[in-house]
Structures are given as C-alpha cells and as structure tokens.
Amino acid sequence: MSKFYNSQGWRDRAAVLAGIFGLSSLLILPVLAQSNRESQSTFQPSSVLDSPQRSGGNIADTLKRESEFQTLASVLAVAGLTDLLRQEGRPLTIFAPTNQAFRKNAAVYSQLLQPQNKEKLARVLKYHLIAGSVTAEDVNKGEIKTVEGGTVKIRVAPDGVIMNDNVKGVQPSIEAKNGVIVRVDNLLLPPDL
1 MSKFYNSQGW RDRAAVLAGI FGLSSLLILP VLAQSNRESQ STFQPSSVLD SPQRSGGNIA
61 DTLKRESEFQ TLASVLAVAG LTDLLRQEGR PLTIFAPTNQ AFRKNAAVYS QLLQPQNKEK
121 LARVLKYHLI AGSVTAEDVN KGEIKTVEGG TVKIRVAPDG VIMNDNVKGV QPSIEAKNGV
181 IVRVDNLLLP PDL
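Okay, so the sequence shown: first residue is 1 according to the numbering used here, each after it adds one.
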C-alpha cells in the first residue's frame with residue numbers, strides 16, 4: 001500500500017486534481033461574490049455601474065449641501081417635505097432633479113411656486129419619491145409606485161435609465177443614511193397634473 005502513495009502517478013493525479021479545484025475556486029468565487037453584491041447594491045441609473053457616492057447625512061441635509069440640488073432643497077422646504085426626507089428607519093429613493101432640470105422647466109416651476117399651488121407642488125415632489133430602495137427587479141417590472149400614489153414608467157436604455165420617456169437618470173447615485181438620491185435631468189410630472 002505504501003507503494004501506491006509513494007508512486008509518482010498518484011502524485012501527478014493529486015496535483016492535477018488540486019489544480020482543477022484551485023482553478024475552479026478562482027473562477028467561481030468572484031462570480032459568487034459579484035452575484036451577492038448585485039443583489040444588495042444601490043440602484044445605479046446606467047448600464048455602466050459607477051460606485052455610488054456616499055453621504056454622511058440624511059437625504060434632506062445632503063440635498064441642501066450639494067450645490068447641484070439647491071433648487072430642489074428650497075422647493076422641498078416650501079412644500080413642507082424636508083422633515084420626511086430626514087426621517088430614519090424607512091428608506092426612500094428620490095429621483096432628484098438638478099438645478100438645471102428646474103431651469104429647463106422654468107414655466108412649470110414658477111407656476112408651482114405660487115402660494116395657491118402648494119398642494120400641487122407637494123404632489124409633484126412626492127411623485128419623485130419611492131418608498132424603499134429601487135432595485136434592478138423594480139426596473140425590470142417597467143414601473144415603480146411613488147409616494148404620491150402614481151407610478152413612474154422606467155426602462156433601461158443603452159445610455160442609462162429613462163423614466164416616463166423624457167427623464168434620464170444620471171450617474172452616480174448618492175447613498176444617504178436614510179436612502180438613495182438618483183440625479184435626474186428633468187422634472188417628473190404626474191400624468192394627470
């Protein structure tokens with residue numbers, strides 16, 4: 001029996017088997033790690049996954065701090081929604097229009113800021129909010145329910161994610177303590193507004 005274990009053929013077979021197991025491990029472990037990471041990762045509005053930016057604060061404070069969201073932070077305050085975006089425990093995703101998005105829609109924006117339209121303003125802003133985190137599964141369904149109660153149509157395009165056929169998600173998302181901020185290049189308006 002000791003001849004069997006000392007033979008060169010057995011060592012060669014053992015080396016081949018060890019090589020196969022080692023190579024298999026090298027190939028399969030990154031795949032398993034990637035699939036686990038994708039199931040827990042932050043939604044990114046592009047087919048090219050950039051790492052999300054991380055914020056030390058909640059959604060409201062992050063929007064106020066980031067210069068590209070100054071207009072959004074101001075209108076959220078006017079609509080009385082800032083406290084909602086500071087709450088902990090219930091994550092939110094906000095499709096956050098940049099300052100430029102508000103400039104593109106100056107007429108709509110100025111009309112919504114009229115004192116008699118405060119309810120409409122709040123409704124439009126809630127249409128940008130999703131309870132929870134948006135996942136790849138949500139995107140695959142083709143629509144997402146908003147805090148306002150309506151749905152946003154969403155589809156993946158070669159250059160990113162398109163919402164309601166005219167709003168594009170812009171990379172990268174920002175992870176806040178209580179949710180995710182997804183930059184968008186236009187205002188989302190409820191269909192019946």
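Treat the hints as calculated values from the structure; they're not laboratory data.
Hints are supplied without guarantee of correctness; some may be wrong.
Here are the simulated DSBU-like cross-link-like pairs (lysine-lysine), alpha carbons at most 30 angstroms apart as the crow flies [as the list claims (entries may be wrong)]:
#, residue 1, residue 2
1, K177, K126
2, K104, K126
3, K177, K145
4, K64, K104
5, K145, K64
6, K118, K145
7, K118, K177
8, K153, K141
9, K64, K126
10, K120, K153
11, K104, K145
12, K168, K145
13, K177, K64
14, K153, K64
15, K168, K126
16, K120, K104
17, K141, K126
18, K168, K64
Report task. List, from low to high, the hint numbers that the structure doesn't satisfy. Result -> Of the numbered hints given earlier, the structure breaks none, since each of them holds.
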